[in-house]
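Visitor: For reference, the chains in residue letters:
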Amino acid sequence: MRVILFIMQKEFIQVFRNRMMLPILFMLPIVQLLILVNAATYEMKNIRIAFVDYDHSTLSKHFISKIKGSNYFIVGDNQPSVSNALKAIDENKVTAVIVIPKEFEKRLKTNSFPLKIQVLIDAINSVNATISYSYINQIFLSIKNDNFFVKQKFIQPAQIINVIPRYRYNADFDYKKYMVPGVLVMLVTLISFMLGALNIVREKEVGTIEQLNVTPIKNYQFIIGKLLPFWFLALLELALGLTIGKLVYNIPLVGSLTLLFAFTSVYIILLLSMGLFVSTLVDNQQQATLVSFFFLMVFILLSGLFTSLESMPRWIQYINKINPLAYYVAVMRMILLKGSRFINILPHFIAVCILMIFMMGLAVFKYRKTIG
Amino acid sequence: MWNLKAFIKKEFLHISRDWRTLVVLFAIPAVQLIVFGYAISNDLKYISIGILDKSKDEISRKLVAKLAFSDFFKLNALLNEESEIEALFKNGSIKEAIIIEQNFSKKLIREGKANIQLIADATEPNTANMAVNYTNAMINSFLTEINKQPIQSPLFITEVKMLYNPTLKASWMFVPGIIALILTLISVMLTSVSIVKEKEFGSMELLLVTPLKPVTIMVGKVIPYFILSIFNITFIFLLGYLLFNVPVVGSILTLYFISLLYIILALTIGIFISVSVSNQQIAMMISLVALMLPTILLSGFIFPIENMPKWLQVLSAIMPPRYFIDALRGIMLKGNSFAELWKDFAVIISMLLFFIIVSIKKYKSRLM
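In order, the protein sequences belong to chains G and Y. All residue numbers for the first sequence refer to our numbering, where the first residue is 1 and numbers rise by one. All residue numbers for the second sequence refer to our numbering, where the first residue is 373 and numbers rise by one.
The set of hints was computed from the structure by calculation and includes no laboratory data. Possibly wrong hints are sitting among the right ones.
Chain G is nowhere near these chain Y residues, computed Cβ spacing over 12 angstroms in every case [unchecked claim]: (1) W391; (2) T539; (3) L627.
Derived DSS-like pairs (lysine-lysine); straight-line CA-CA distance at most 30 angstroms [claimed, not checked]: (4) G:K204 / Y:K569; (5) Y:K569 / G:K366; (6) Y:K462 / G:K176; (7) G:K66 / Y:K682; (8) G:K45 / Y:K533; (9) G:K93 / Y:K571; (10) G:K176 / Y:K569; (11) G:K204 / Y:K571; (12) G:K87 / Y:K541; (13) G:K116 / Y:K533; (14) Y:K585 / Y:K417; (15) Y:K715 / G:K93.
Yeah, the Cβ is synthetic: ideal placement off N, Cα and C, and Gly gets one too.
Kindly produce the complete structure, drawing on both the sequences and the hints.
Guide: Shown next as structure tokens:
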């Protein structure tokens, strides 16, 4: 026990002596929470849109004013023709163009349905394009119920099912409430995985690991003493990140923070074991950075942090069974936004525990082999 | 010249001995392409739902069956009471609850109007939005089905045309970004680290006392990574084309020209970093924080710049990868010509000049 404490003391001294480490530890949460949360958003507020109005009628004006009235769009000047509009899209001046054909109103008056409207969307960013289109569509659908059409005596269907949607937990669709828990996950993961891996590799690269090996320090003491400081630091980072999230973005924090920290403690041990495993695979810090960057990237992309899991094919859902981040992202959102209790997250907790035991065994086994 | 050749050979040996780095360098684009191409799409599938059918009559049962057997939904729970919903949301087993009111058929037939309530878990705003839209569409089509009336022509239809990426393939959107990412990784990070490493280990002093001129050392350091970059982008183009048919509508020549220009810019930034710092860890952190983060986040690679707050848009305007990705997308997807992209070229060239001048100034005072 005393030995472990000594190693920890040495580690803490090294961490705090390192000029780079402290700024990273404190800048990382601030930069990530301020830049990432603001940059990583599909919350559409400024879809730049223009009209090509071949009809110039009251009806076409009604459409235009409807779009103008919603706060998703910035409506540019009308384009005289489709080819002009295409050019505007090509030059990146607008993202979408709505073309209202000739005799639009006339067809309504003569009841020759359906009326046709063309929408041209710049799909270079395909996600953006889909979401923009769904917003445009929503507004069109709402026009259906406008007085305009009722006055025109369009025959209403005999039966109607009223669908009344209600949104829970984030009723105002605040994207930041969605992103902040995700960014907290990245923060904890980066600190524990990357720094954990780098820390052991440095001893290898500099050669001091040989010196440590000839001391009476046992392997397990070395590993625990080496990694425990990062366990504390990662928990500290989480606390720091939560504080910033609460102060800057007013994240709800519905659930129990004790539960969150308890789950995180286990999760960090899992990540540290992964870091230890990576450190046995590589020779120097550059390789460690690249290898952990590679794994992190895959894990992050698949975890549902930026995109929803529902849109991924089945086989990815299976891969996610061994992706620690997928569990942590889910649990973080469940606790912070929905107020889930221990019993609700129990399956996730068990899964992470199993992964942790497995990973720890693997890392320690591999570590012993490389050292011995 | 002979000196340079020998030096380049030494560098190549260093790089090829470090096989893990090489593997990762080629694995990153491959895995990214596959993950982005297959995993990220915009249509939701299998949204987990729970249904509370309060009336359990003929029509409502039909509706439940229709919802349960659709591809969009996965029926995870048939509920008996409204109070069960909360717990299901909390353990994440459903994303939407559909509540059919009592006397559903009666109301629908007698009054011509019945209600269905949807409760969606909006922790993921876009998912909730789409789930509700799907359900809505499904219920509407159910209504026309049970009425057995010929499908009434709708009020209006929107014809949508997705320009440049008609089938909305995510891989088309990501290939240009991945190229920028990889070039930044190789050119900035590896170059900067490789020079700093010599400094850190003290072998830089040894190199400087050889008859090699400092310029030769720099050029020799840079050329292997230059060649590696060219291989790597060709690999990504091919992979994108073979796996996902990512097109190159514009001219390949322009494509390579802008890529080469960007590689040189990135290498110059790498040298700038390496002459400014003293050890590998700092070099790596700077290239990660100052370049990777902006490449991924502030360049419009994944998240559109116009959605960001103004201060971030300003920040993104000084990020080199932004112009490169813009030009790549212009050439590959839009088929823009050199003349149409002059702005991007101009910005990249001026950034290049800026970094060359600054690096030379710094370099003279540091190395000599």
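Visitor: Could you run down the list of hints and mark each one as holding or not?
Guide: Now for the hints, and whether the structure bears them out:
no.: 1; hint: W391; in the structure: violated (10 angstroms)
no.: 2; hint: T539; in the structure: violated (9 angstroms)
no.: 3; hint: L627; in the structure: holds (16 angstroms)
no.: 4; hint: G:K204 / Y:K569; in the structure: holds (16 angstroms)
no.: 5; hint: Y:K569 / G:K366; in the structure: holds (28 angstroms)
no.: 6; hint: Y:K462 / G:K176; in the structure: holds (20 angstroms)
no.: 7; hint: G:K66 / Y:K682; in the structure: holds (26 angstroms)
no.: 8; hint: G:K45 / Y:K533; in the structure: holds (22 angstroms)
no.: 9; hint: G:K93 / Y:K571; in the structure: violated (48 angstroms)
no.: 10; hint: G:K176 / Y:K569; in the structure: violated (41 angstroms)
no.: 11; hint: G:K204 / Y:K571; in the structure: holds (19 angstroms)
no.: 12; hint: G:K87 / Y:K541; in the structure: holds (23 angstroms)
no.: 13; hint: G:K116 / Y:K533; in the structure: holds (13 angstroms)
no.: 14; hint: Y:K585 / Y:K417; in the structure: violated (61 angstroms)
no.: 15; hint: Y:K715 / G:K93; in the structure: holds (14 angstroms)
The earlier numbered hints that this structure contradicts are 1, 2, 9, 10 and 14.
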